[in-house]
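Since the structure of chain Y is already known, use the hints to place chain H on it.
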Amino acid sequence: MDNNYFEIKRAGINTTFQDKGRNNLYHIGIPFSGAMDNRNFLLANKLVGNKLESPVIEFAYQGPLLKFNGDKITITVTGDVIFKLNKKNNEIEGRCYETYQLENGDEINILSTNKSVYGYLAISGEIDLKFQWGSCSINTKANIGSNDGKKLTNGQKINIHKINLNQKNKKINYLNSKIENIRVIKATNFDYFSEEGKKIFFEKEFIVSKLSDRMGMRLEGPKIENIVNTNIKSEGLLKGVIQVPADGNPIIMLSDHGTIGGYPKIGVVASVDYDRLVQISPGSKIKFKEIDLSDAETLFKLYEMETQNLISQIL
Amino acid sequence: MIKNISNLGDAALYCDFGTEVNKDINSKVIKLFETIREKNIEGINNLTPSYNKLIISFDLKITNFKKIKEIVENIEIKETQKLNSKIIEIPVCCDSSFSLDIERLEKKLNLDREQILEVFFNKEFFCYMTGFIAGMPFLGDLEEKMRAQRLETPRVKVPKGSIGLTEQFANIYTFESPGGWNIIGNTPLNVFDITKEKRPNLINPGDKVKFRRISMEEYKDLHG
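Residue numbers (this note's numbering), protein chains in the order written: chain Y, 1 to 315; chain H, 1 to 224.
Just chain Y, with the same shape it has in the complex (with noise of 0.2 angstroms):
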C-alpha cells in the first residue's frame, strides 16, 4: 500500500509540526520556533530511527487521537504523556519512550500530558510537509510553516511519503526530571527594579498564568517594582528573556516570541533549563535562582553531554 497516512480524528488543544526551527530570521521579526523541549524532541526521533531533526507532532495538554491507515509504521511518544493505543479492537496503555508498531486501522489516542505541557508523536519516515526557510515548524503567530502555519483540526489528514520499514522496537529508561527552581542569569535592565523587587524575584513564588502559550509564559505573584522607567526603547529578544511589563508581573520569551519588545529584561533564563521550564504548567509554582554567566555555561555543556547520552544509548 503507497497510500499511508494518519486520519486526525481529534486534533487536541495545540497540535503542531515542529523540527529544529529556523535561524536568521529576527531582524525581519521571525522566531526559531522548532520544538519547545529539544531534548524530548531529539529522543523522539532517534527511537523511531528518523534523523534526528525531522519533523514531529507536538501537542500540548491533550493530544491529537490518530488512526493509521496503511500497511504498517513505527510510532514512539516522548515527554511524560498518558496515551493509549487500539490495536485490532484491543485497548494497550502506552509507554513513553518505546516504539510501538501500528498496522491498517489501528489507532493511537493521547489523552494528556501528565503535570507537564509538552509531548512529542514521532514516525517512523517522512510526512509529507511545506518547509519554509528551512523549516516545517508551525508558528500560528505569523501562519508561518507547514499547514499554513495553522495548528492542526479535525478530519485532517498527515499524509506520510516514505515509511522506514523494518525497525526494530526499541527503548530507553528515561524519567523527564521536574524542577520549580529555574536558574536565571541577571539582564541588562535588572538595575530599572528596587531593591524589594529584585529580592521578590529572586526569592519568592511565582505562579504560573493560565495565559502562556508557545510565545510567552506569564506569571503571577508579587509585583516587581520599577524605580526607573517602565519602557525601554524598543530593542531584540530572546527565548529565555525576562520581561517585566508596568504591572510588575513577569513574563517569559518562549520559542514562538515577537522579536522586539519594549519592557525592561530583568532576567534571562539559563539555556541549560529551557526544556524543562517550557513544560511547567499552569498553575504551578516557579522560583527564580541567580547563576553568572560561567556556571550557566558550564551547566549547559552538561546539559548537552546527558542528551547525547541518551541518545547514544538507543540503538
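Don't take each hint at face value.
[Unchecked claim] Capping the alpha-carbon separation at 25 angstroms, the derived lysine-lysine pairs in BS3-like fashion look like this: (1) H:Lys61 with Y:Lys51; (2) Y:Lys151 with H:Lys157; (3) Y:Lys186 with H:Lys31; (4) Y:Lys20 with H:Lys196; (5) H:Lys108 with H:Lys123; (6) Y:Lys301 with H:Lys210; (7) H:Lys31 with Y:Lys233; (8) H:Lys196 with Y:Lys233; (9) Y:Lys150 with H:Lys160; (10) Y:Lys150 with H:Lys198; (11) H:Lys66 with Y:Lys186; (12) H:Lys39 with H:Lys66; (13) H:Lys145 with Y:Lys20; (14) Y:Lys171 with Y:Lys84; (15) Y:Lys20 with H:Lys39; (16) Y:Lys20 with H:Lys198; (17) Y:Lys186 with H:Lys61; (18) Y:Lys141 with H:Lys160; (19) Y:Lys233 with H:Lys23; (20) H:Lys196 with Y:Lys150; (21) H:Lys123 with Y:Lys233; (22) Y:Lys150 with H:Lys157; (23) H:Lys3 with Y:Lys186; (24) H:Lys160 with Y:Lys151; (25) H:Lys123 with H:Lys67; (26) H:Lys157 with Y:Lys233; (27) H:Lys28 with H:Lys198; (28) H:Lys3 with Y:Lys289; (29) Y:Lys151 with H:Lys28; (30) H:Lys67 with Y:Lys186; (31) H:Lys208 with H:Lys145; (32) Y:Lys178 with H:Lys61; (33) H:Lys123 with H:Lys210; (34) Y:Lys170 with Y:Lys87; (35) H:Lys108 with Y:Lys233; (36) Y:Lys233 with H:Lys210; (37) Y:Lys301 with H:Lys67; (38) Y:Lys130 with H:Lys196.
Hint data in this document are derived by calculation from the structure and do not stem from the laboratory.
Coordinates of chain H only, in the frame set by chain Y:
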C-alpha cells in the same frame, strides 16, 4: 561606536550603542549588522538590530560569549560603507472605515484630521528596524506636534495593513495582530510576502518610505 558589550543570558551578545534614538546611531547599528551577516561567523544564529542596540544570538553548543565578543570587538567596518537603502512608496487609504483612531489623535494632538494627514503624507520616513511581528517596519521620525502615546488599552485585533502612529514612529501591521498604536489608515500592499523566502520584507532597515494617499476605489483595485 559600540559603547558597551555585555552578555544577554548565556547565548547572546548585547551591543549597546547608547540611549539616543537617531538615524546616525541607527545607521551604525545597521552597518555592524550587515558586516557581521556577510561574514557568516560560525555559531552565530540570529541578529536583531534595533534603534540603538544590536543583539547577536549564538548556538551555545558551538561557541560562547567570550569568543563572539572577541570577534565583534575586532571587526572592521569600513566607514565608507554605504547603507543599501531604497525609497519605497506605500499607498494608504484613510477612509473612515480604516482610520480607527483619527478622532483620538485629533483630540490628543489638537490638530484636525486633514492637518494630521498632511504632515503624515508629506514626510519621508526612515526604517529603523523590522520585527515584533514578521516584517513590521518601525519608521521615524514624526515631529513633536504629531507625537501621541499608545492606546490606554491595546486592541486585541488590529487589521492587517493598518498604519499606526505612536510617539515619533509609524508602523505597518503586516498581520492581524494585537496592538496599541493609533491607526490612521490601511495599505492594500503586502508588506510581508511569505512566498519570497530570500526577501520577504518590502521594507528593510535603512530604507526610506513615502506614503501616498489613495481613494477607496484605488484601494480596492490594488487589493485585487
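Results for each hint:
1. H:Lys61 with Y:Lys51: Roughly 19 angstroms separates the two Cα atoms, so the pair holds.
2. Y:Lys151 with H:Lys157: holds, 19 angstroms
3. Y:Lys186 with H:Lys31: With Cα atoms ~28 angstroms apart, Y:Lys186 and H:Lys31 exceed 25 angstroms; violated.
4. Y:Lys20 with H:Lys196: Holds - the C-alpha atoms of H:Lys196 and Y:Lys20 are around 21 angstroms apart, at most 25 angstroms.
5. H:Lys108 with H:Lys123: holds, 20 angstroms
6. Y:Lys301 with H:Lys210: violated, 50 angstroms
7. H:Lys31 with Y:Lys233: This hinted pair holds, its Cα atoms lying about 20 angstroms apart.
8. H:Lys196 with Y:Lys233: violated, 30 angstroms
9. Y:Lys150 with H:Lys160: holds, 17 angstroms
10. Y:Lys150 with H:Lys198: holds, 22 angstroms
11. H:Lys66 with Y:Lys186: holds, 17 angstroms
12. H:Lys39 with H:Lys66: holds, 18 angstroms
13. H:Lys145 with Y:Lys20: Judged against 25 angstroms, a Cα distance of about 47 angstroms means the pair is violated.
14. Y:Lys171 with Y:Lys84: With a Cα-Cα distance of about 17 angstroms, the restraint between Y:Lys171 and Y:Lys84 holds, given a limit of 25 angstroms.
15. Y:Lys20 with H:Lys39: holds, 23 angstroms
16. Y:Lys20 with H:Lys198: holds, 20 angstroms
17. Y:Lys186 with H:Lys61: Holds - the C-alpha atoms of H:Lys61 and Y:Lys186 are around 21 angstroms apart, at most 25 angstroms.
18. Y:Lys141 with H:Lys160: With a Cα-Cα distance of about 13 angstroms, the restraint between Y:Lys141 and H:Lys160 holds, given a limit of 25 angstroms.
19. Y:Lys233 with H:Lys23: Measuring from Cα to Cα gives roughly 14 angstroms; hence the hint holds.
20. H:Lys196 with Y:Lys150: holds, 19 angstroms
21. H:Lys123 with Y:Lys233: holds, 22 angstroms
22. Y:Lys150 with H:Lys157: Since the Cα atoms of Y:Lys150 and H:Lys157 sit roughly 18 angstroms apart, the hinted pair holds (cutoff 25 angstroms).
23. H:Lys3 with Y:Lys186: Holds. H:Lys3 to Y:Lys186 sits at ~19 angstroms (cutoff 25 angstroms).
24. H:Lys160 with Y:Lys151: holds, 20 angstroms
25. H:Lys123 with H:Lys67: Violated. H:Lys123 to H:Lys67 sits at ~43 angstroms, over the 25 angstroms cutoff.
26. H:Lys157 with Y:Lys233: holds, 23 angstroms
27. H:Lys28 with H:Lys198: holds, 24 angstroms
28. H:Lys3 with Y:Lys289: Answer violated: H:Lys3 to Y:Lys289 is near 29 angstroms, above 25 angstroms.
29. Y:Lys151 with H:Lys28: Cα-Cα ~40 angstroms, so violated.
30. H:Lys67 with Y:Lys186: Within the cut-off at roughly 20 angstroms; holds.
31. H:Lys208 with H:Lys145: holds, 21 angstroms
32. Y:Lys178 with H:Lys61: Given that 25 angstroms is the threshold and the Cα spacing comes to 23 angstroms, the pair holds.
33. H:Lys123 with H:Lys210: holds, 7 angstroms
34. Y:Lys170 with Y:Lys87: holds, 19 angstroms
35. H:Lys108 with Y:Lys233: holds, 22 angstroms
36. Y:Lys233 with H:Lys210: holds, 24 angstroms
37. Y:Lys301 with H:Lys67: holds, 16 angstroms
38. Y:Lys130 with H:Lys196: Holds, at about 14 angstroms.
When held up to the earlier numbered hints, the structure conflicts with 3, 6, 8, 13, 25, 28, 29 and fits the remainder.
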